[in-house]
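Since the structure of chain A is already known, use the hints to place chain B on it.
This is what each chain is made of:
Protein chains: 2
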Amino acid sequence: MVPAMAPVPCSIAATLDAVGDRWTLLILRDLFRGVRRFEEIQRDLGIARNLLTERLQRLVEHGIVDRVPYQERPLRHEYRLTHKGTDLSPSLVALMRWGDRWYAHDRPPTLLIHDSCGTPLDQVVTCPSCDEPVLPHHIRSRPGPGLRREIALVGT
Amino acid sequence: MVPAMAPVPCSIAATLDAVGDRWTLLILRDLFRGVRRFEEIQRDLGIARNLLTERLQRLVEHGIVDRVPYQERPLRHEYRLTHKGTDLSPSLVALMRWGDRWYAHDRPPTLLIHDSCGTPLDQVVTCPSCDEPVLPHHIRSRPGPGLRREIALVGT
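From first to last, the protein sequence lines stand for chains A and B.
Residues in the first sequence are numbered consecutively from 465, following the working numbering.
Residues in the second sequence are numbered consecutively from 465, following the working numbering.
Hints are not guaranteed to be accurate.
Since the list gives no way to pick one copy over another, a pair counts as held whenever it fits inside one copy or between any two copies.
To be verified - Listed below are the simulated DMTMM-like cross-link pairs for lysine to aspartate or glutamate, each with C-alpha atoms no more than 25 Å apart in a straight line:
id	residue 1	residue 2
1	548	518
2	548	586
3	548	570
4	548	596
5	548	485
Worth flagging that the hints you see were computed from the coordinates, not collected in a lab.
This is chain A alone, in the form it adopts within the complex:
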């Protein structure tokens, strides 16, 4: 047990602090789909311009999105996922697949396919040691090095 005074670090909370907002996740979805310009995103989402500006600024501050010029005269920018942004792909895949399973009535609006062969993709949790897919009820959690360090710091 961590003493009650210690802030418990949590990577889910860290992620949600950066992107845990409905608009932000929908903006990221658009960027993954290649919708990259302010006007296009605004139209696609029907989001208020000030909200979109604020959300994009936050994404740039977090290093998740780059603001890149695509035209000189007049100067125009578009928004592109950085490596950190692209690395959110598994999160968006997981959220989408859950929506597919529970709200799409076996008719998913979008299929994710392997570019080289066109096969619809799976997302699985695997055990590198057993080399097999792992179901949710076989997943356990244990304190990692970050939490042990926290406990040590509190203990001193």
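Same frame as chain A, now just chain B:
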């Protein structure tokens, strides 16, 4: 292209309508960790009681969480993930792993391990045809049956 008048169905948006809220995702995290009682969740998250009540009610309405009595006198309830709730496991795993990679400085606070062997787990997107892990830039999307039906309906 879908005509501008047609609502584009999207499973990411469907998921976010159900659980796309920071408190809701943190409540789900607690339920996965076995923190199931109102007072425990409230204390763990430091969330206002009225907000917690409202979020839990929504989760029950969506069939993601069951409210189950655990004591008769006085009557006390706890909250348990349904099958639909447990099925959010890949989403929470993905959000957590991203936080690990970008905010934990190689010291993740929590490790997810395989219960039978203790090995830390991976989450991968795989191609059932090529039998190999697929990187984000090899994932393409194409309209699925749900979107084709939408187009057909708009077209009639």
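Structure-based check of all given hints:
For the identical chains of this complex, residue 548 and residue 518 are intra-copy neighbours only, at 19 Å inside a copy versus 33 Å across copies, given an alpha-carbon limit of 25 Å. With identical chains, the CA atoms of residue 548 and residue 586 are at most 25 Å apart both within one copy (22 Å) and between copies (18 Å). Taking the closest pair of Cα atoms, residue 548 and residue 570 come within 25 Å of each other only across two copies (15 Å); inside a single copy the shortest separation is 32 Å, beyond that limit. Taking the shortest Cα distances, residue 548 and residue 596 sit within 25 Å of each other only across copies (23 Å), while inside one copy they are farther apart (28 Å).
For the homomeric pair residue 548 and residue 485, the shortest alpha-carbon distances inside one copy (17 Å) and between copies (22 Å) are both at most 25 Å.
When held up to the earlier numbered hints, the structure conflicts with none and fits them all.
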